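Plus 43 on top of the position in the sequence shown (first one is 1) and you've got the working numbering.
Don't read these hints as lab results, they were simulated from the structure. Worth double-checking, as some hints may not be accurate.
[Unchecked claim] If you anchor each label on the Cβ, the simulated ranges turn out as follows:
#, residue 1, residue 2, range
1, Glu185, Asn141, 16 to 26 angstroms
2, Lys143, Glu54, 42 to 52 angstroms
3, Arg144, Ser46, 16 to 26 angstroms
4, Ile56, Asn145, 26 to 36 angstroms
[As the list claims (entries may be wrong)] Here are the simulated BS3-like pairs of lysine-lysine, each with C-alpha atoms no more than 25 angstroms apart in a straight line:
#, residue 1, residue 2
5, Lys180, Lys147
6, Lys76, Lys147
7, Lys76, Lys114
8, Lys172, Lys114
9, Lys147, Lys114
10, Lys143, Lys114
11, Lys172, Lys143
12, Lys76, Lys172
13, Lys79, Lys147
Here the structure is a predicted model, which is why all the values come from computation and not from measurement. Glycine included, every Cβ here is placed at the ideal spot set by N, Cα and C.
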Amino acid sequence: MNSLTEEIIDEDINEQQEIILKSVLANNISAMKISKILCEHSQNDILTTDMIVSGLIYRLMIPMNEDEQTKSIDEAESILYAESSDEEEIETVDEPFNEKRNIKYNSCNCDVCMQTRICLLNFKDFIPKDPLGDIVKNSIYETCEKYNLVL
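Input sequences plus hints: build the corresponding full structure.
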């Protein structure tokens, strides 16, 4: 192979990696928005591991509509291509995780909160549509295992 062909192949690989990275980031941005809604609709002012996991499960099982996709991809691009490296300080609270427990959820009856509860009930039987979905599902299981959360 000549160097021009190798260069073209490298560019194609880099472009594909960038598309995957943008997709994963956009998906996580959208999942965090769902987690924030779950937090706002609960009696808790702190975003918990349960809410984050629930947001990831919701986003895995409920596809984004076209408008949500566009907004999330735009946000992902702005993060990826940001000039500044000023990082926002995020305060975290370590949650104790001694014994296994079920994921906690709120009792709100809005569409997002009800769909989240349905997703939590059906997550074990959910079969992702693509290999990236399998990776996300497995990472959710690993996170739950780490924090002793039962799905």
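Results of checking the hints against the structure:
| no. | hint | result |
| --- | --- | --- |
| 1 | Glu185 with Asn141: 16 to 26 angstroms | holds, 19 angstroms |
| 2 | Lys143 with Glu54: 42 to 52 angstroms | holds, 48 angstroms |
| 3 | Arg144 with Ser46: 16 to 26 angstroms | violated, 57 angstroms |
| 4 | Ile56 with Asn145: 26 to 36 angstroms | violated, 42 angstroms |
| 5 | Lys180 with Lys147 | holds, 19 angstroms |
| 6 | Lys76 with Lys147 | holds, 18 angstroms |
| 7 | Lys76 with Lys114 | holds, 12 angstroms |
| 8 | Lys172 with Lys114 | holds, 22 angstroms |
| 9 | Lys147 with Lys114 | violated, 29 angstroms |
| 10 | Lys143 with Lys114 | violated, 37 angstroms |
| 11 | Lys172 with Lys143 | violated, 29 angstroms |
| 12 | Lys76 with Lys172 | holds, 22 angstroms |
| 13 | Lys79 with Lys147 | holds, 15 angstroms |
Of the numbered hints listed earlier, those contradicted by the structure are 3, 4, 9, 10 and 11.
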